[in-house]
Amino acid sequence: DVKVTQSSRYLVKRTGEKVFLECVQDMDHENMFWYRQDPGLGLRLIYFSYDVKMKEKGDIPEGYSVSREKKERFSLILESASTNQTSMYLCASSRSSGGYQETQYFGPGTRLLVL
Amino acid sequence: AQTVTQSQPEMSVQEAETVTLSCTYDTSESDYYLFWYKQPPSRQMILVIRQEAYKQQNATENRFSVNFQKAAKSFSLKISDSQLGDAAMYFCASPSGSARQLTFGSGTQLTVLP
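Those protein sequences? They're chains H and C, same order as listed. Residues 1 to 115 (my numbering) make up the first sequence, in order. Residues 1 to 114 (my numbering) make up the second sequence, in order.
Next comes chain H alone, as it looks inside the complex (with noise of 0.2 Å):
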């Protein structure tokens, strides 16, 4: 079974400090995403990876940066925590085949808190 774990499950962060949330997958997925999920807004998509140090937005990019230094790992990264993104933050990851999109596998989401 594919196995997406996220380094915390609950966050309290005051305004201004960075954030750092780690995801890692291990079952040598290509691809791996950062969502941020509001309540009647469904997952918007920050960022995502395709390969080790390449990266691409997502839909919602504005405030938050992404590190891929290996595989397995993708870390989604808050420089400056305001409090309008407090919010639930999933991680997920996928293989690539060919032109389709593959199922995503998600990790137990982190909530975190901005006060």
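There is no bait here: all hints are sound.
Lysine-lysine pairs mimicking DSSO-like chemistry, simulated, CA-CA at most 30 Å apart:
(1) Lys71(H) - Lys18(H)
(2) Lys73(C) - Lys57(H)
(3) Lys57(H) - Lys70(C)
(4) Lys3(H) - Lys78(C)
(5) Lys53(H) - Lys71(H)
(6) Lys70(H) - Lys57(H)
(7) Lys55(C) - Lys70(C)
Since the hints were derived computationally from the structure, they do not count as laboratory data.
Dock chain C against chain H, hints included.
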């Protein structure tokens, strides 16, 4: 931007009954997969069922099946013999942007009544 619409924010079903969750999508892809995911309360999001758009036959996984209407871009999920464990938020997802990306709907919260 690609859109996925789940028009039912909340639904309820009696245990052992059947319920259908609706989803419409908008993609410019010709061949693609569509997905239904389930997120139980405080638990991990998991795949429920996947439909290959180039297959005319609707996908089925035990009590879960889809009604896929490609021309109408409609992809509904039918849950038969509903169980208490089916209570969850359900998300529909369709391709968007690059071949790797999915767009998710806003979700349908399903309550199963005993």
